[in-house]
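Visitor: Below are the chains, spelled out letter by letter.
Protein chains: 2
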Amino acid sequence: MFKQLNLDKESSQPLYMQLVDQIIRLIEESKIQKGFKLPPVRKLAEFLDVNTATVASAYRFLESNGYVYTRVGSGTYVADQSKKSREIIDKLKLLDQGQLVVTPGMINFASATPAPDLFPVEDFKNIINEVLDRDGGLAFSYQESKGFRPLRESISDFLKLYGIKTSPDDIQVISGGQQGIDILSKAMLRYGDCVFVESPTYNGAIAAFKSRGANIIGIPLRRDGIDLDVLQDRLRSKRPAFIYVMPGFQNPTGYCYSEENKIKLLELAKKYDTYILEDDYLNDLDYSDQGIRPIKSYDDGGYVIYLKSFSKIFMPGLRLAFLSLPQKLSGEVIAAKHITDISTAGLTQRAFDLFLRKGLWKKNLEYIKKIYRSQMMYVCEKLKLIKEIQFEKPRGGLYLWLQLPEGYSSVVFYSICLRNNLLIAPGSLFYPDYNDDTHFRLSFASLSREEINRGIDMLGESIKELTGESENKIMPLI
Amino acid sequence: MFKQLNLDKESSQPLYMQLVDQIIRLIEESKIQKGFKLPPVRKLAEFLDVNTATVASAYRFLESNGYVYTRVGSGTYVADQSKKSREIIDKLKLLDQGQLVVTPGMINFASATPAPDLFPVEDFKNIINEVLDRDGGLAFSYQESKGFRPLRESISDFLKLYGIKTSPDDIQVISGGQQGIDILSKAMLRYGDCVFVESPTYNGAIAAFKSRGANIIGIPLRRDGIDLDVLQDRLRSKRPAFIYVMPGFQNPTGYCYSEENKIKLLELAKKYDTYILEDDYLNDLDYSDQGIRPIKSYDDGGYVIYLKSFSKIFMPGLRLAFLSLPQKLSGEVIAAKHITDISTAGLTQRAFDLFLRKGLWKKNLEYIKKIYRSQMMYVCEKLKLIKEIQFEKPRGGLYLWLQLPEGYSSVVFYSICLRNNLLIAPGSLFYPDYNDDTHFRLSFASLSREEINRGIDMLGESIKELTGESENKIMPLI
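Sequences listed follow chains V and H, in order.
Take 784 as the starting number for the first sequence in my numbering and just add one per residue.
Take 784 as the starting number for the second sequence in my numbering and just add one per residue.
Treat the hints with care, since some could be wrong.
One copy or any two copies: either way a pair holds, since identical chains are not told apart in the list.
Straight line, CA to CA, 27 Å or less: simulated DSS-like cross-link-like pairs of lysine-lysine [said to hold, decoys possible]:
| no. | residue 1 | residue 2 |
| --- | --- | --- |
| 1 | K1176 | K817 |
| 2 | K792 | K1021 |
| 3 | K1141 | K908 |
| 4 | K792 | K1111 |
| 5 | K1111 | K874 |
| 6 | K814 | K1111 |
| 7 | K876 | K1111 |
| 8 | K1146 | K820 |
These are computed hints drawn from the structure, not numbers from a lab.
Turn these sequences into a full structure, and let the hints steer you where they fit.
Guide: And the structure:
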């Protein structure tokens, strides 16, 4: 059986999912049959050159979906095929790729896409018409790859609010935050280069870095920021192309970096002469109104690449974001933008320029903050009633990072929730190499109050189902 | 001097430009000085492991810009520094990256961007308002990564006109043609993989393939299509991830594949089990009204990836294009789209859907075809008066591929034109590895009749300047 398994470390698909997939194929093609004993976790991990956690998680996932069963003290065996449920692994793959289409009636705690009724459609419609009357065909011509100059100027003004001083020449307009990650990967990563990320981190970034053939190293994330001791230790032996961080309401944890942590992180970047890629996708949603100061605002030496997206705080389908770059990176980044998609759509850039200039931005942000603040309060109150779950209430953002009772797996919990028509994001999706399975991420951005009510009730029942069945408890796999 | 030169074959910058750049740096930093004899072409080519043509072209470019001079029978020497003109190489780099901003008064024969007054702005404005009234905030929400379903349906209908049968499930909406090339590269190319391209070909494709660490092999292009003998010969020893071709009004040559060539190319793809990436960026601009039949319309075995862009025939700043995919590639491509930019802007997709459904597309195409047909006739008549230039009048498209008198270099001609405030695209930009310098590309898409008149007059004068000065003649470099 060993020889037929072959994990691809460059694939955007997590390793444990690949392993699940391949074992299912062996079962489906009857290459291994009912009663067949799978290799011990440690032995298979060694053969495949992966963490034991990767193999353990694959076995657990297979078990929770009826493909295999475990006999304590004996091992893991292929189960009776009639019990299998291929659907759940297929859906997990789609979820990881952002492709899962939610079926009617399903409550989606996995998505952080804002609800469309929060978008300033009327304001935007007026602005688009103003642009078309003003610019005519020019709005549909190619734009400079760097971005429409007046928009870069208004972004540069806008950034003063965050304490960031930047020239319009060092702004690169991009088509959404994910494109920022992709373009920087093209500009800065060669095959085999190394990137440091928070562990856990945004899975779309992991996939983009892997696609460049990068070697991704996770640095543990603490409640007040990245683990600086571990980071320094790693920096001593490896020089990453950059360190990818989300200091404000991090995805998936919702954690915020302390000022001290941000300053020390910047000092380390200087000391070891590397870049910080600071992803600000959500800083503005601070319900405490303390404000989040970007690392970029401390940066006077050109060590921070600042990426700001408007997808979560404004309108995702606009596909608009920008980079504020250290000057010396500007040339490489513009070349990467050009081979990626030439330039971002002109109409959008021109419309967003007016949106910033007219201050409509602020009005909209205040409005959505008010709504999300009250949603967050409500969700946290309700979640507190589920005793089995532990979490810390974040002071902003759209994510909660919830811990299961000791000994239970989020991948197994994900399977139970899915059967109950509830979608959560299991923690396993967010690790560069799978090494934690005790948390899951919950977001409420796209849900109504009624759906939140129903969803959290169902979550409580699913937890009972998880902890009630002793077979769901993580057992030492041998 | 040798040791300080180091060409990067993975860089998106052509090798001869890198070499020019590095030699200029050596001169500017006084590491080599006036009178220094450069190594013989063959010796340097051997050391750098590149074609002799690459080195020869670099030397010629340096010579035409006053950095070096050649003594027949003796060699190439560093010239008096006061003659140097750094500007021209910098501009050529920008031109290659699509970043050259044309100064006022300059006539731009290098760009094929349609003039903004040809865009159907009023029609599009009405449609955008219709979409916003109909869909509200949904138009600004994330779309499916594959694309807005109704748009995929109308594209599938639209493709029937070209004889292509495809399901909406096999359509992938993308943000312009360049993104199609980028996404397919992500989905299909691993580091070190091989890609076949026409030689010459579109430089933006070369850059995208190089950025994935691909090994690019040029197959000569003939007037009736790709050289099938050379192709078959190469296929015998190497299996490319795909063969990238533009069978209609190819960029940069304007050539069209014969039906026979298309059918045989497809047969070779089948025989050697590889894909064809067919880039249709311009098929619709057929002034002979014979119509161009895509290779995809012959494909019943899933060997052709069909990429259609609307940038050149509609509005470039819309950033909209699509792929019609063999079914088995669909999963990989959607994952690549997701890590690239999640999805294409919803408003654009919804508006373009209505544009197709209402048939406004056809009206606009007829209009621009009429204008470009008459421009093409006019340009060809005027060019015929310049005896030194040879070309074949294409039956459609926006490009002319012009041949200089024997023994003259397009890079040198480019330098002369630039001094005369005229921008052309030297042939050297379009070769995966530099191996021809006798042609240049001319487009008239963005120019008025008056600019065309002035531009072609100036072109004639520049040719006289080129051929009048014997030092511009290509001499055997030793």
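Visitor: Which hints, by number, does the structure contradict?
Guide: Violated: hints 1 and 8.
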